[in-house]
Amino acid sequence: MLTPRSIQSSLGFRDKIFSFDYILVFSILILGIISMFAMYSTDGGEFKYHTNSHILRFFIFFGLFFFISLIKVRFWHDQSYVIYFLFFLLLLGVKYFGLTSSGSKRWLDLYFMNLQPSELMKVGLILFLAKYYHRVSIENMNGIMHLFTPIIALIAPVLLVATQPDLGTSILIASGGIVVAWLAGVRIKFFVYCALIFLSLLPVAISFLKPYQKLRILTFLNPERDPLGAGYQIIQSKIAIGSGGLFGKGFLNGSQSYLDYLPEKHTDFIFTLFSEEFGFFGSLFILLLYALIIFRIVNIGNLTRSTFGKLYCYSFATAFFIYVVVNMMMVLGLLPIVGSPLPIMSYGGSSMMAIMFGLGIVMSCKIYKDLPVN
Amino acid sequence: MLNPGSGSTVIKSKLIGRRMFLLTAAKAVVMVGLVGRLISLQINQATKYKSLSDKNRFREWKLAPERGVIKDFFDQELASNEPLYQVHLVPENTKNLNQLFVRLKSILDISDKKISYLKRLINKQKPWEPVIVSDNLNWADFSRINLFLHELNGVEPIVSVARTYPDNSSAHILGYVSQISAKDLKTKKYLKNLSVPGMTVGKTGLERKLDEKIIGKVGFQRYEVNAFGKRIKEIKINKGESGISFKTTLDYEVQKYTNELLKDKAAAVCVMDIYNGDIVSLVSAPTFQPNAFVHGLDKDYWNSLIKDGKKPLTNKAMSGLYPPGSTIKTLVAFSALENKIIKPSDTFRCKGKIELHGEKFHCWEKKGHGIVNLRKGIQRSCDVYFYEISRKLGVDRLSETAKKFGLGKQVLTDFVEERSGIVPNTKWKKKFIGQNWYIGETLHSGIGQGYFQSTPIQLCLMTAQIANGGYKIKPRIIFDKENNGLKNYLDFKLKNPEKLLTTELLIKNFKLKPLFEDKKNIDIIKDAMFSSSNEPGGTSYRHRIENPKFTFAGKTGSSQIKRFTEAQREAEVKQIDLNYKDRDHALFIAFAPYKDPKYAISVVVEHGGSGGSAAAPIAKKVIKKVIERHDLRKEISYAEGDSI
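From first to last, the protein sequence lines stand for chains A and B. Position 49 of the first sequence, counted from 1, bears residue number 49 in the numbering used here, the numbering being contiguous throughout. Numbers given in the numbering used here equal positions in the second sequence, counted from 1, plus 1000.
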């Protein structure tokens, strides 16, 4: 069934369309549609600002996903460093020209939207490292010279994002990078050393944390510490999910969100709202849908011949998994509130853009699975 | 593979695949963990979180119920409810608060102080929580607010109900209501679930006695509220139940009339039906404004009440303790007759004083009354006569009789403010004072001085039980058909005015409880009281009513505040010349009409001087009023099936 490489290098539009992984495409589409209903519910059962702009964004970026899929994976491989540096420049731009909102500087005003480059960097770093490790031979993988570049490439954006300050996103960016390195074959002992160094630096890092960030960690350890203050979000989220029961309260009947008990219901807590209205079975469905998406991405990684493609797909699947799991654990009260959106479901253009961009490259890997990248 | 280093690529791919496999396994574990957490929250703990969610969602506001109404015997409302006009302000519905206050000030009479207080309150509260701008508006102001409502955004006219009393005439017996205090909540169990803003409770009098039943059941409004406490929609409303209404035995007309008579005095009047014990009137003066307590008391008014030496807040008819003075002589004489100490015809010579163990005991008549028998002794209220018989009678036998007639214990039930007074005897003194009884004290007791303490309502009960022929009655203030002691006896008496039954038969047939051994003795006392009021020389002869319809038989009394010094006695100092505070309390007891007694009355005028001059004229007017209204009262009784 393998398409000869010579043909793949000059695929027609129809061939490309036929090469799509439609299970993945439909999974994304279904999740997108579900997210529109959820958004409609957060707006109190009306087509208001959030719903309308979420629908619009989903379709725009879904289009972007197709567009990116159709471009040869070699192009993405070749431009990986450029893309990374572009995103890095945007991050630097945030530092100097960014918009400040509730104490942190995370956005660039692009007039038609507020762009959050840290979200893009999640994909950018994976892309950069996938290319980097693609080029490094297995023998040199653990050479000290080849550790240097990835560490710089990882630390620089993470520090920039952490000082915005946006601890959650910086951790997610870092975790994506670490996954690539680990998959590429960097020795485990190296990670252990890094972890030890990190732990020894932790007290210093904590002293740099903002008071609200320290509070969040303390609150996570004991949410009932201050039920009306910092612990409020976790407690209310657990109440909403728990009160959903087996079948949920029904669409548009989530009293916790409808009566504003739920904080950030459009963004980080969108799963809570869905879970309250559709109960355990609804939540399980969402969970399975995400598992399916991740499975399909991993599957594309298996099919892809190039190291770049494999590394990228596996890493992206793992990062995607981490985003989903971190968000869910957060709203289920298993992790501190760090502020990470649920991919595709949450409101937010930059996150949607980054995820669709990343998925587009995955699909491009699928279409050009047999084509070498260099 | 065609690209250079393809061998290395294969190894690399294998390594990546192996590591990816590990990662996938880890992912599966985490996913299972997430599902486990979902199961724990949404299945195992669903009930707990559902109830927490409802607790979030619903908020209840309690609604104060309407108090039951208290009516008089003629169904006139003595304590009722009136619509209460209030103006509330919801700050969030106002665009410009300052402008609104300027506009409100032009419509209502609000002080700048109040406005700055309200502004401070608004700053403290959530913007949708209403503040009360005016808690008790009159109708004119309220309708003006309604007229200008379109330019007063955020202002809400509210109609509620509050206790109201037609006037001050029954303030003491009705009592008053006021906001629930922390102490109320602690001491009164029935208030446990009744703590509602704006709720009032009975603090004294009937309002307090009946509080538990009259207060009603609290209603509630259940609202769905959002995270900020703002009401989103009403889920359920339960208006609660208004309290039970009560009909009393009081006569509002007599209350008003008596109250007017007692104006400017510190005095008390009690009128009782002698057969069923109905309290027709119970007035204490000076009175106060019960309405002033309903909406938070004005400080100046409160101060003026508690600083007033005439003690307007005390219900003197029930809580005022006065030595019964000469009014007790009726019982002293009766006790002496019952105990066969004397015969009515026995005489003593009164020379104005007697001496006992070197101590002088004066008669109020310095000149003396000469030869005195029982009838004359009561008629003239000769102290010497009663010194003599009480010495023979002894205080213990006297106290036994006095207690039988209701002195020394509370007359009504469940009035916290009612006092029981003191009926002294040798045991009592030993117990409470720790000393032996002196014979001299018996003499003082015989004229109702010394340790004796009684309330006007007790004296009224005593008189009623003499007047009805010596039968025990249970006084009542709440009208109640079932509880009417002498009803059957009275029925019989009314239907067979000619037929005379012997006392034994009467007692047997009508289950009467006689307070006498010999019925004749009661009649002797009644006759003596008649002479005191209606024969020349009697202490209240000046105030008699000759019309037999109203003719009363009474006994005067005065209770000494300060003992007269020998010098004063020599100088024949008159009561009127003394300082107000040093004057005697004036007392008068009576029953009427003499031929066929129906009502008993007691009057106490603090520092009024002598009973004959200060208390008897009041009693005379009240008796007349009560008897004039007797036929009306009887009609109601028949209609209610509660005859007399």
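There may be inaccurate statements among the hints.
List time: in silico BS3-like cross-link candidates among lysine-lysine, alpha-carbon distance up to 30 Å [said to hold, decoys possible]:
| id | chain 1 | residue 1 | chain 2 | residue 2 |
| --- | --- | --- | --- | --- |
| 1 | B | LYS1213 | A | LYS238 |
| 2 | B | LYS1095 | A | LYS48 |
| 3 | B | LYS1367 | B | LYS1351 |
| 4 | B | LYS1213 | B | LYS1256 |
Derived coverage of chain B by chain A (criterion: at least 3 residues anywhere in the stretch with Cβ under 8 Å from a Cβ of chain A; other residues may be distant) [what the hints assert, rightly or not]:
| id | stretch |
| --- | --- |
| 5 | 1012–1025 |
| 6 | 1107–1114 |
In case anyone wonders, no lab produced these hints; they're calculated from the structure. Since this is a predicted model, take the numbers as computed values, not measurements. The beta carbon of each residue, even a glycine, is placed where N, CA and C say it ideally should be.
Hint check results:
1. B:LYS1213 to A:LYS238: At roughly 45 Å apart (the allowed maximum being 30 Å), A:LYS238 and B:LYS1213 break the hint.
2. B:LYS1095 to A:LYS48: holds (26 Å)
3. B:LYS1367 to B:LYS1351: Holds. B:LYS1367 to B:LYS1351 sits at ~6 Å (cutoff 30 Å).
4. B:LYS1213 to B:LYS1256: holds (27 Å)
5. 1012–1025: holds (count 9)
6. 1107–1114: Since 0 is below three, the answer is violated.
When each numbered hint is compared with the structure, violations occur for hints 1, 6.
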